Each structure stands twice: as structure tokens, then as C-alpha cells.
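Undergrad: Residue numbers (the working numbering), protein chains in the order written: chain A, 470 to 682; chain B, 470 to 682.
Please keep in mind that the hints were generated in silico from the structure rather than gathered at the bench.
Bear in mind the structure is a predicted one, so any value in this text is a computation, not a measurement.
Positions of the beta carbon are idealized from the N, C-alpha and C atoms, including for glycine.
Worth double-checking, as some hints may not be accurate.
Per the computed footprint, the stretches of chain A lying under chain B, defined by three or more beta-carbons under 8 Å from a beta-carbon of chain B, are [claimed, not checked]:
#1 548-562
#2 580-587
#3 618-630
#4 635-649
There are 2 protein chains.
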Amino acid sequence: MPKQVDHDERREAIARALWRVVEQRGVAHLTLREVAKEAGISHGALQHYFASREAMLSFAMDLAWEQKTLRVHRGFQALGDQPHPRDVLRVMLTEMLPLHTDARAASRISAAYVLEALHNENIHARARDDIAQGRVVFEQLIRQAIADGHISPTRDPVAETNLLLALTGFTTLLELDVVEPQDALTAIDQHLGRLFTTNDLGTGHEGAAVDDA
Amino acid sequence: MPKQVDHDERREAIARALWRVVEQRGVAHLTLREVAKEAGISHGALQHYFASREAMLSFAMDLAWEQKTLRVHRGFQALGDQPHPRDVLRVMLTEMLPLHTDARAASRISAAYVLEALHNENIHARARDDIAQGRVVFEQLIRQAIADGHISPTRDPVAETNLLLALTGFTTLLELDVVEPQDALTAIDQHLGRLFTTNDLGTGHEGAAVDDA
Numbered sequence: 470m471p472k473q474v475d476h477d478e479r480r481e482a483i484a485r486a487l488w489r490v491v492e493q494r495g496v497a498h499l500t501l502r503e504v505a506k507e508a509g510i511s512h513g514a515l516q517h518y519f520a521s522r523e524a525m526l527s528f529a530m531d532l533a534w535e536q537k538t539l540r541v542h543r544g545f546q547a548l549g550d551q552p553h554p555r556d557v558l559r560v561m562l563t564e565m566l567p568l569h570t571d572a573r574a575a576s577r578i579s580a581a582y583v584l585e586a587l588h589n590e591n592i593h594a595r596a597r598d599d600i601a602q603g604r605v606v607f608e609q610l611i612r613q614a615i616a617d618g619h620i621s622p623t624r625d626p627v628a629e630t631n632l633l634l635a636l637t638g639f640t641t642l643l644e645l646d647v648v649e650p651q652d653a654l655t656a657i658d659q660h661l662g663r664l665f666t667t668n669d670l671g672t673g674h675e676g677a678a679v680d681d682a
Numbered sequence: 470m471p472k473q474v475d476h477d478e479r480r481e482a483i484a485r486a487l488w489r490v491v492e493q494r495g496v497a498h499l500t501l502r503e504v505a506k507e508a509g510i511s512h513g514a515l516q517h518y519f520a521s522r523e524a525m526l527s528f529a530m531d532l533a534w535e536q537k538t539l540r541v542h543r544g545f546q547a548l549g550d551q552p553h554p555r556d557v558l559r560v561m562l563t564e565m566l567p568l569h570t571d572a573r574a575a576s577r578i579s580a581a582y583v584l585e586a587l588h589n590e591n592i593h594a595r596a597r598d599d600i601a602q603g604r605v606v607f608e609q610l611i612r613q614a615i616a617d618g619h620i621s622p623t624r625d626p627v628a629e630t631n632l633l634l635a636l637t638g639f640t641t642l643l644e645l646d647v648v649e650p651q652d653a654l655t656a657i658d659q660h661l662g663r664l665f666t667t668n669d670l671g672t673g674h675e676g677a678a679v680d681d682a
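From just these sequences and the hints, can you work out the full model?
TA: Here's what the structure looks like:
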């Protein structure tokens, strides 16, 4: 189906143009007109692919989500065959933060998408579903880690999941250079280290390890 | 100086119109033209008060910041004469989240401001300074709480400050209805409860105490 492939490639090229507009000029410039100009095609040709700004933004968000998933899977591979659940959560969480160029572009698209969601019911529903699905994966991992004795059973899996997801608030601190990437990672490692402190289950030596992470 | 007062009142009325545009229609509609229309004045009259979109947005941000400060001070008054530092930090943190209408408007202006900062050096510098100053206050409170024995001296004040500020990531989870306000508060209280767990001051059981909060 070469035709379909061409179509998909064109859509992806347009999404990348959209990405550059957001990355370089900001969400205020995110219009069909500016994206067509950046992609080097006519406004009409762009509308052939995306009927509206909303459709265009949703596709860019899909692309950002896909690429984040790829980065997370690469991160998992680097952890080897039997990764510690703390390291799995660390990869999932840190790939949501603008700690390197690819993740930064995705993070900005995502921020634009969330702002758009506040005034657009369709986008709100989709953004909510995407994040709620991601949240379920985090909570399952935490529940499993509790069941496997990696996290104390006294921890509340719902609250711990919410706290981990809330740490995506590092995005703003990193984007504004209020916190350095290394300091964000240090703080996240201390948080995860404490979450995975199980010496109240009897070993008695993991408390000290918390800050070595 | 009645003239100055009129001028200030006019600026505030314009800022409120701007606020409504962001709140109801979104940051994509935040232009001098739309704000003039919402404020019921001409584009030229608006430019008498704000020469640019940037100046207008900065003023709205000042107003949001001022109102947040007022809410925080009201929160402090409710804590009485000798508030526990945990409760002080709780007020400061929760007033940054969109947990009620006023805070939601401020939070949206702030999100718009941060997105704008990514592509505007002046706004970036100001947003950075504002947040960095707030960060200093958080860190001072945490250092004092460690000195006063409310927080274990084994805690790293820099990392703990960064973690607390990062919890503003609840903003997105609340705005998208992924997490309910009560669940956000529960998670924040568990985090603060553990931070202020001090029975590890010599007992040698910090792991076990962590989860009692």
C-alpha cells in the first residue's frame, strides 16, 4: 500500500513541522496557517490531512506518546532481564520529564495539549484517558511491588501512585531552570528509595541505603 | 491621587477581562484584541494600559501572585499563633493547586505564563525569579524545621524542597480529573507526614516510623 505509506509519511512530516512551531515559537503560534508554512505546503493541502487544529494537535500528541513509549522501552532494555520495580518506575517517571531534547519537545506538546484540554471537551476526554491509563500502569506496578515485598504493605498504593505522577511537576522547575536536571534526579531517587524501604519488614538495613541511590 | 487610582482600577478591570479570556476560552485566545473586546474597550484604549501582550500577561501574573499571597496569609491566620511548620508548608503548597475557583484561575494564568516563558526571554527570567524566590522560602522553612527538630537531620533540605515544589504536578492531574481533590490532599498529607516524622532522632527505627504518619 504505497499510497497509505506516503499519506502516513506526509502526516508525520506535518506533525514534525507542528512540533518545531511549538518548540521554537510556542503554543500561541500553533495554527493551521503557521504549521502549513513551516511544513512548506499550502493551507489547503494541510487541511487534506487535518481538518482542524484539534485534529492536528491530537496527532502530534499521539506521536509524542509513541516516542515516549519507545524511549521507555529502550530504558527497560537497559535494565536487563529482571529489573527492580524501583528502576522500572524511575524510567517511566523520568521519561515524562524534559531531561533531554526529545523528551523536552514531547513535554511541551503535552503541556500545550493540557492547556487546550481546559477549553475543549474532546481533547479533555482524550488527555484524561491517556493519563488515567498511564496512571493504572503505575498503580499496578506499585501494588505488585507491595505484594512482592519490595514496598512496605503499610503504604497506600493509591496515594503513592498519585505522588509519583505528581512529581511530573518537575517539568516546570526544569523548563524554568529553577532546578537542575541532576537535582531533580537526586530528589526522585530519594523519593523512590524511601518508597522502596522495606526494613520495617524485618531486614533492618534498607533505611541507610535510601540516600545512596 | 484619584487619577492614579482610576488608572490602577482600569488596569485591574482589564486584567480581570484577560483572566476571563484565559479561564473561559484558553491561552490560544489571549491577544490584545480579544481582551479589549472582553473588557468592552477599544484596542487603542487597551494599548494605553498595556503596550504589548507580554506586558498584559505580566500584569495578570502579578495579580495572580498577589491573590495567591493573600490566600496563603488567610490560611496562615487560620493556623493560629504558633503553627506547626508542616501546616505552614501545607497551606503554601495547596494554595498553588487548582483546588478551588480562585486558585484555578491563578493556576491557569500561571500555566499560560510558563508556556509563554519557553519562547520569551523576559518572561522566562521573571517566571524563573518568581518561582526561585518561592523556592527559597520553602527551603528556609525546611532548614528551620530540621534545626528545630521537626524534621530528621538525615533529610536533605534541597531535595526535600524540590520534591515539595514538584508536587505542583498535581495541577495537571486535577485539571484533567485524573485525581480527585480529596485524593490529592490525602497524598500530600502522607508525604508531609513522612517528612515530619522525627522519631528516627536516635531511635534507630526510621524505616518503621516512615509509614506511621
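Undergrad: Taking a Cβ-to-Cβ distance below 8 Å as contact, does the region 580-587 of chain A have at least three residues touching chain B?
TA: holds (count 7)
Undergrad: Go check the region 548-562 of chain A versus chain B for me, would you? Three or more residues, Cβ under 8 Å, otherwise it fails.
TA: violated (count 0)
Undergrad: Three residues or more, CB to CB closer than 8 Å: is that satisfied between the region 635-649 of chain A and chain B?
TA: It holds, with 13 qualifying residues against the three required.
Undergrad: In terms of beta carbon proximity below 8 Å, does the region 618-630 of chain A have 3 or more residues touching chain B?
TA: It holds, with 7 qualifying residues against the three required.
The structure shown violates just one earlier hint, number 1.
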